[in-house]
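In the numbering used here, the protein residues as written are 56 to 821.
Hints were generated in silico from the structure; no laboratory data involved. Remember, predicted model here, so these are calculated numbers, not experimental data. A portion of the hints provided could be inaccurate.
As the list claims (entries may be wrong) - Simulated restraints, written as ranges between beta carbons of each label pair:
| hint | residue 1 | residue 2 | range |
| --- | --- | --- | --- |
| 1 | Ala819 | Pro363 | 17 to 27 Å |
| 2 | Thr748 | Glu361 | 22 to 32 Å |
| 3 | Asp798 | Arg761 | 15 to 25 Å |
Glycine residues also receive a C-beta, built at the ideal position from the N, C-alpha and C atoms.
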Amino acid sequence: MGTYGDFSADGLEYVIRTPHTPRDWFNYFWNPTYLACASQHMNGSSLYQSEAGVVTNLFGKQDMREDPRWIYIRDNDTGEFWSAGFLPCHTVHDEYECRHGLGYTVLTTKKNGIRVSFRVFVPRNWSGEVWTLQLTNESRRARNISLFSVANIMLDGVNMPYGYVGGLDAWFIKDENMLFFRNRTYTVVNERYRAFLYSDTKVNRWDVSKDIFLGKYRSYQRPETVERGKLANSVASAEYLVGAVQHDFSLPAGKNKEIHLVLGIVMDHAEAKRMVRALADRRKIEAEFEAMKKENVRRLGDLTLETPDTHFNRLFSVWLKHQLYLMADWARFYFKGFRDTCQDAAGMSVVNPARALAMLKKALANQRSDGFAPRAFRVPSMDVASAGRHYADQPSWISHATDAIIRETGDLSILDEVVPYSDGGEGTIWEHNLRAMEFLWNDRGADGLSLVHFGDWNDLMDKVGKKGKGQGIWMSCALARVLKLVGQMARWRGDEQTAQLCEKRHAELSQAILTHGWDGDWFIYSINDEGMRIGTKRAKEPKVFINPQSWALLSGVIDAKKYDAICRKVEPIVDTPVGPVHSWPPCTKYDPGIGQFTGTPPGFFTNGNVYCHAACFKIAADFDAGRKEKAFDTMMRVLPSEEKSEPYAHSSGYVGPTALRMKKHVSDDCWRTGSVGWHFLNCTERLLGFRRTLEGFRLQPLIPRRWRTVRYVRPFRGTLFDITVRRGKQFGIVVDGTPIAGDLIEVPKEGHGKKTVRIVCTVAEK
Numbered sequence: 056m057g058t059y060g061d062f063s064a065d066g067l068e069y070v071i072r073t074p075h076t077p078r079d080w081f082n083y084f085w086n087p088t089y090l091a092c093a094s095q096h097m098n099g100s101s102l103y104q105s106e107a108g109v110v111t112n113l114f115g116k117q118d119m120r121e122d123p124r125w126i127y128i129r130d131n132d133t134g135e136f137w138s139a140g141f142l143p144c145h146t147v148h149d150e151y152e153c154r155h156g157l158g159y160t161v162l163t164t165k166k167n168g169i170r171v172s173f174r175v176f177v178p179r180n181w182s183g184e185v186w187t188l189q190l191t192n193e194s195r196r197a198r199n200i201s202l203f204s205v206a207n208i209m210l211d212g213v214n215m216p217y218g219y220v221g222g223l224d225a226w227f228i229k230d231e232n233m234l235f236f237r238n239r240t241y242t243v244v245n246e247r248y249r250a251f252l253y254s255d256t257k258v259n260r261w262d263v264s265k266d267i268f269l270g271k272y273r274s275y276q277r278p279e280t281v282e283r284g285k286l287a288n289s290v291a292s293a294e295y296l297v298g299a300v301q302h303d304f305s306l307p308a309g310k311n312k313e314i315h316l317v318l319g320i321v322m323d324h325a326e327a328k329r330m331v332r333a334l335a336d337r338r339k340i341e342a343e344f345e346a347m348k349k350e351n352v353r354r355l356g357d358l359t360l361e362t363p364d365t366h367f368n369r370l371f372s373v374w375l376k377h378q379l380y381l382m383a384d385w386a387r388f389y390f391k392g393f394r395d396t397c398q399d400a401a402g403m404s405v406v407n408p409a410r411a412l413a414m415l416k417k418a419l420a421n422q423r424s425d426g427f428a429p430r431a432f433r434v435p436s437m438d439v440a441s442a443g444r445h446y447a448d449q450p451s452w453i454s455h456a457t458d459a460i461i462r463e464t465g466d467l468s469i470l471d472e473v474v475p476y477s478d479g480g481e482g483t484i485w486e487h488n489l490r491a492m493e494f495l496w497n498d499r500g501a502d503g504l505s506l507v508h509f510g511d512w513n514d515l516m517d518k519v520g521k522k523g524k525g526q527g528i529w530m531s532c533a534l535a536r537v538l539k540l541v542g543q544m545a546r547w548r549g550d551e552q553t554a555q556l557c558e559k560r561h562a563e564l565s566q567a568i569l570t571h572g573w574d575g576d577w578f579i580y581s582i583n584d585e586g587m588r589i590g591t592k593r594a595k596e597p598k599v600f601i602n603p604q605s606w607a608l609l610s611g612v613i614d615a616k617k618y619d620a621i622c623r624k625v626e627p628i629v630d631t632p633v634g635p636v637h638s639w640p641p642c643t644k645y646d647p648g649i650g651q652f653t654g655t656p657p658g659f660f661t662n663g664n665v666y667c668h669a670a671c672f673k674i675a676a677d678f679d680a681g682r683k684e685k686a687f688d689t690m691m692r693v694l695p696s697e698e699k700s701e702p703y704a705h706s707s708g709y710v711g712p713t714a715l716r717m718k719k720h721v722s723d724d725c726w727r728t729g730s731v732g733w734h735f736l737n738c739t740e741r742l743l744g745f746r747r748t749l750e751g752f753r754l755q756p757l758i759p760r761r762w763r764t765v766r767y768v769r770p771f772r773g774t775l776f777d778i779t780v781r782r783g784k785q786f787g788i789v790v791d792g793t794p795i796a797g798d799l800i801e802v803p804k805e806g807h808g809k810k811t812v813r814i815v816c817t818v819a820e821k
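Construct all of the structure, not just a fragment, from the sequences and the given hints.
See below:
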């Protein structure tokens, strides 16, 4: 059991037993158009985003999550009031519990004999959220209570001009029991910039003016209106907004009171009324809540793990799958990155191959007919990492996703499905792959290495190739892997000419990488426009990057022996208690020949922090090189745990050892990461050894010495494979009681016709 909480028995909830976790532990709930989060205090953020990219923040923002949802309880006989959670009043409760579930959070506290339950969830088909509040009088006398439910309404977005507050107004619609909010700023007047708050119980009083609600010089910790027990029934115009409603009631001993609130982002008042009709009362709300819960559990699928590590099992059987769906639906929240979508699709292929294929097609529809792919799409409302600029790695991820989906399904006809190009025309998925490969092959520099342009996977290396000359070693390894994957797919299709072309190019490119990228002990990262070598041991900073080393192995440029020799040099430099840093030492001064990477504070993002995505690349390479103990050790260091971050959701990275921070090795950014997809591939393909092939799968487990036995259920092509891996004197596989030769289990794309196949795999003691 953890210090602050633990998973429920079924793993579907994380139960937090104290509000005083090392940092806010957030949970996310969402549907295709609305995304919200809440911590163990119920603070968080929420936003709407259209498919066109228009963003509306209802309350809070990704980096501003202090003041969205507050519940105050006031004892009108004594005048004492407190908050449902520790925040905002810093209330010390007699009892406290917060349950983060799949798509909902429930906060339950008790103080002064009043038990409060506060539940938040997002309905499946509406852009908003539902609050359910239940107060139970556990004292021995009747209580005269006022309940204040408060939302800090923002109605801003990424396309707001300075002074946008002048376009805001709000009022109460008495006969509909609804607060209504508008933003009529000229940039969004025709967008979804209206919102509402509806109560299924008669509202006694209300406020929409934030200044009036809080009072002069007040904060949410002690609002003047709550202190006096009477909201002001304010209206608001050209000022900051709040959605506050007051419910007054007498609560007999042993009785409870339940109130439902619906908040939504809408186009107009008519849409608000439609949403209210759909969620108008307890019966409709509970039906929607149960349907949402059922859907979130259903889509987890049947992949389950039983290892000696219960926390590991909960992560991979439940929570990381749930997080992978968040990445599938929302990518990195304010935009959909091309590389992000492709990598998430590769991971999703293990959980839901049909969804993975849809994600790949969505990305391919944003690829140009010449093979170029943009940094991001769904971005007209903001400039995300200069989304239209040439970030060289984007097309390289197409084959990564395509290969994963083909291996999962065994269905080569997928390659013949047609997807449009963003600039007109259309092509099969296979043609999209070929055009990406040709674009990358033709986009090379003087040394035969890939050009970098405005950056590669490391977005912040934005000045390395701005003149069109800078070349990347990692980027060249990425191209080498494309050639490897496309060549394999060509051979599956019987296209020997393309397969041989890929092999020829791979050999040529590998030689260029070895000639121009080798630094004596490891590979450099890149060579900028002026010929400066970045990531060389002769430099003051940075001397080494981990990605070129791992990708040289993953791409087949080097073999396991050479990779192991590199790691023996690099690991003493880069390893930390929470995994390897991306680069070392971090840059301490800006270099215009490298770019924003050098202007990032040391220990953050990719400049000397543990960037989990890069760590996952290294885990993959370590497994593939036969370094299973090191791979597993790094995996466990990188996976979430309560001393680093939310223990149920993966982080983007951990603060590096040289950061100007009092706390090192902790996360600032949880949930948004490409690490999850890679972790699924690393866990299922490498650790558990379920190596997918066109013909079926090979069983090649790489479990650590500390695990004597492992059992997992792996759905694959219509059959559940119930697999037990155990230690013994020699390797052997028994399928449904019959020993087989070798490690290949053939599974046609149509499946076995069996619902379950049981396999026992014995791995030799080492």
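Checklist entry - Is the gap between the beta carbons of Thr748 and Glu361 within 22 to 32 Å? => result holds (25 Å)
Checklist entry - That 15 to 25 Å hint for Asp798 and Arg761 (C-beta), does it hold up? => result holds (23 Å)
Next on the checklist: Assuming the hint says 17 to 27 Å, is it satisfied by the Cβ distance from Ala819 to Pro363 or not?
Outcome noted: Holds: the Cβ-Cβ distance is about 19 Å, inside 17 to 27 Å.
In summary, this structure violates none of the numbered hints.
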